[in-house]
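Asker: Sequence:
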Amino acid sequence: MTSSSVTAIHSRGNAWVKDLRRLAQDNGAYRKQGRVWLEGDHLCRAALERGVVPAVAVFAESLWPTAQPEWGKAAPKVVVLADALFADISGLESPAKMGFVLDLPEGGSPRPGVAAVVLDSVQDAGNVGSILRSASAFGFRQVLALKGSAALWSPKVLRAGMGAHFALDLVEGLAPEDLADLDLPMLVTSSHQGDYLHRADLPWPCAWVMGHEGQGVSTVLQERASQHIRIAQPGGEESLNVGAAAAICLHASAAQCALQAGR
1 MTSSSVTAIH SRGNAWVKDL RRLAQDNGAY RKQGRVWLEG DHLCRAALER
51 GVVPAVAVFA ESLWPTAQPE WGKAAPKVVV LADALFADIS GLESPAKMGF
101 VLDLPEGGSP RPGVAAVVLD SVQDAGNVGS ILRSASAFGF RQVLALKGSA
151 ALWSPKVLRA GMGAHFALDL VEGLAPEDLA DLDLPMLVTS SHQGDYLHRA
201 DLPWPCAWVM GHEGQGVSTV LQERASQHIR IAQPGGEESL NVGAAAAICL
251 HASAAQCALQ AGR
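Start counting the sequence shown at 1; every next residue gets the next number (my numbering).
If you're looking for bench data, these hints aren't it; they were derived computationally from the structure. Since the model is a prediction, treat every value here as computed from it, not as a measurement. Treat the hints with care, as some may be off.
Below 16 Å or equal to it, Euclidean Cα-Cα: the simulated EDC-like pairs (lysine to aspartate or glutamate) are [to be verified]: (1) 147 <-> 103; (2) 147 <-> 213; (3) 18 <-> 88; (4) 147 <-> 172; (5) 156 <-> 124; (6) 73 <-> 41; (7) 32 <-> 19; (8) 156 <-> 93; (9) 32 <-> 103; (10) 32 <-> 106; (11) 147 <-> 177; (12) 156 <-> 26; (13) 32 <-> 172; (14) 77 <-> 93; (15) 73 <-> 49; (16) 147 <-> 183.
Starting from the given sequences, assemble the full structure and let the hints guide the process.
Answerer: Shown next as structure tokens:
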């Protein structure tokens, strides 16, 4: 990569800085701006390892001299902010002092026949990020979020996803009818009906549906399900956190697939 252009900014009133502050602090700003903010070296490195080229690399002034050898050519443009200005922008209690601005990936549409996780109004950012990590770990290549789910590219979901975003095809803002062409058996989690997960014959590829934290999977998707699956809970709890349930279910699918393939 050729040398990056470097711009130093010290004014809180700078228009570009104002936009960056919105990206860092407003969960829906990425949709309006068509850009995404990654804060911290872990997320930035995860993006680079997946072949993502950021539009802008941003550094706090105190970090820039030591960061330049490793990160100075990561993006075609570098912006160096006064430390107080970076701290004002950051959405973290302890600002990471570096970040990337990315162009928002094109959303696309559901891919027929590709193992998927469907988010049916999963609203907690931590849960959504956790589910994205499990999807990536267990071979589910796309995550499809119905309207009412947490914003997939919001700062909180990005932090919880720990880089999983860059291994997945993400589509959000969908309606139930948009899943019609997915051409996959749909498995719906339930706390009270269906086969127990440890006894179920799980198809591969498939689409697992994870529902709202309080209300579960909607009636319309319950009715479309190929299988209803419940997780045995001998300890007696009424239900599991949706992030935990997703990890258990997706691992079970991946494990059965591996056994059937003789791996």
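Asker: If a hint holds in the structure, say so; if it doesn't, say that too.
Answerer: We went through each hint and held it up to the structure:
1. 147 <-> 103: 22 Å, violated
2. 147 <-> 213: Within the cut-off at roughly 15 Å; holds.
3. 18 <-> 88: Roughly 10 Å separates the two Cα atoms, so the pair holds.
4. 147 <-> 172: Distance ~7 Å between residue 147 and residue 172 Cα, so the pair holds.
5. 156 <-> 124: The hint holds at about 9 Å.
6. 73 <-> 41: Within the cut-off at roughly 14 Å; holds.
7. 32 <-> 19: 10 Å, holds
8. 156 <-> 93: With Cα atoms ~13 Å apart, residue 156 and residue 93 stay inside 16 Å; holds.
9. 32 <-> 103: 12 Å, holds
10. 32 <-> 106: Holds, at roughly 13 Å.
11. 147 <-> 177: Since the Cα atoms of residue 147 and residue 177 sit roughly 12 Å apart, the hinted pair holds (cutoff 16 Å).
12. 156 <-> 26: 10 Å, holds
13. 32 <-> 172: Holds. Residue 32 to residue 172 sits at ~15 Å (cutoff 16 Å).
14. 77 <-> 93: 26 Å, violated
15. 73 <-> 49: Holds. Residue 73 to residue 49 sits at ~14 Å (cutoff 16 Å).
16. 147 <-> 183: 21 Å, violated
In this structure, the hints that do not hold are numbers 1, 14, 16, in rising order.
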